Amino acid sequence: MNCHYEGLGVRHHASEEELKKAYRKLAQKWHPDKNLDNVAEAAEQFKLIQAAYDVLSDPQEGAWYDDPREALVKGGRDGVYQDDSLDLLHYFTVTCYSGYDDDEKGFYTVYCNDFDMIAQEELESALEEDMEDFPTFGDSQSDYDMAVHHSMLTGRVSALRIFLGKNIIHSRLQTAGRNEAWKKKTKEKARKSEERRRKENELVHQQIAFIRKRDRKVQAH
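At position 198 of the sequence shown (counting the first as 1) the number is 198 in UniProt numbering, and the numbers step up by one without a gap.
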């Protein structure tokens, strides 16, 4: 993924005025109507410029973007994903989808698959055959009521991760017996695991906000 700051040609932590000035200049340069001899490339560049400004000009999204920025640009934290879990960072950019139809690259198809994978990961970790299904993301024909289920999914994922984390910690401490050194080591690993889960939960919440802001069903309601 391209860096939003580089895309707009501004410094990191550029001011609101600097962002606006850079955006207007580039938007005028790459607007498809001004590039009739190269509409396809202009449209793609214009989309990237809009995406960069949309994120950086929003205080909340801009603050979030600055935190894992290197991971987003490289495609993973330090260029290498830490485990086999779903790479949520990939879905924090408008370049991961194209249009709002229900084709393979469409907004609703891409995020429906994203949500399904998140749910599947959590259900597999839960090891509960009778675990209730997660709400689905829906498609372009789904009504607004389906869109509000996004928040439900966030809560379900967070609650399940906390539940799983506590169960794992309890299980490890039970098997540690009276070995205090092992208990101390286990508690430290559990603390780090809980911190990672907390950050993952925050990432899911941020993703929900990112998606809802761009979901046309939510915008139209």
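None of these hints come from the bench; they were simulated from the model. Do not rely on the hints blindly, as some may be mistaken.
[Unchecked claim] Quick list of in silico lysine-lysine cross-link-like pairs, DSBU-like style, CA-CA up to 30 Å:
hint: 1; residue 1: Lys20; residue 2: Lys213
hint: 2; residue 1: Lys29; residue 2: Lys213
hint: 3; residue 1: Lys47; residue 2: Lys20
[To be verified] Okay, the calculated beta carbon distance ranges per label pair:
hint: 4; residue 1: Gln28; residue 2: Pro59; range: 23 to 31 Å
hint: 5; residue 1: Gly99; residue 2: Arg212; range: 13 to 21 Å
hint: 6; residue 1: Asp103; residue 2: Pro59; range: 27 to 35 Å
hint: 7; residue 1: Arg191; residue 2: Glu18; range: 23 to 31 Å
hint: 8; residue 1: Ser15; residue 2: Val94; range: 30 to 38 Å
Quantities reported herein were computed from a predicted structural model and do not represent experimental measurements. From the three backbone atoms N, C-alpha and C, an ideal C-beta is built for every residue, glycine too.
Status of the hints after comparison with the structure:
The hinted pair formed by Lys20 and Lys213 meets the criterion: a straight-line CA distance of about 20 Å does not exceed 30 Å. For a cut-off of 30 Å, the pair hint linking Lys29 to Lys213 stands: about 26 Å separates their Cα positions. For a cut-off of 30 Å, the pair hint linking Lys47 to Lys20 stands: about 16 Å separates their Cα positions. In this structure the hint that Gln28 and Pro59 lie 23 to 31 Å apart at CB holds, the actual value being about 25 Å.
Evaluation of the 13 to 21 Å hint for Gly99 and Arg212 yields a pass: the beta carbon distance comes to about 18 Å. Taking the beta carbon of each, Asp103 and Pro59 are about 34 Å apart, inside 27 to 35 Å as hinted. A hinted range of 23 to 31 Å is violated for the C-beta pair Arg191 and Glu18, which are about 41 Å apart. The hinted window of 30 to 38 Å between Ser15 and Val94 is violated, with their beta carbons roughly 23 Å apart.
Against the hints set out earlier in the document, violations occur for numbers 7 and 8.
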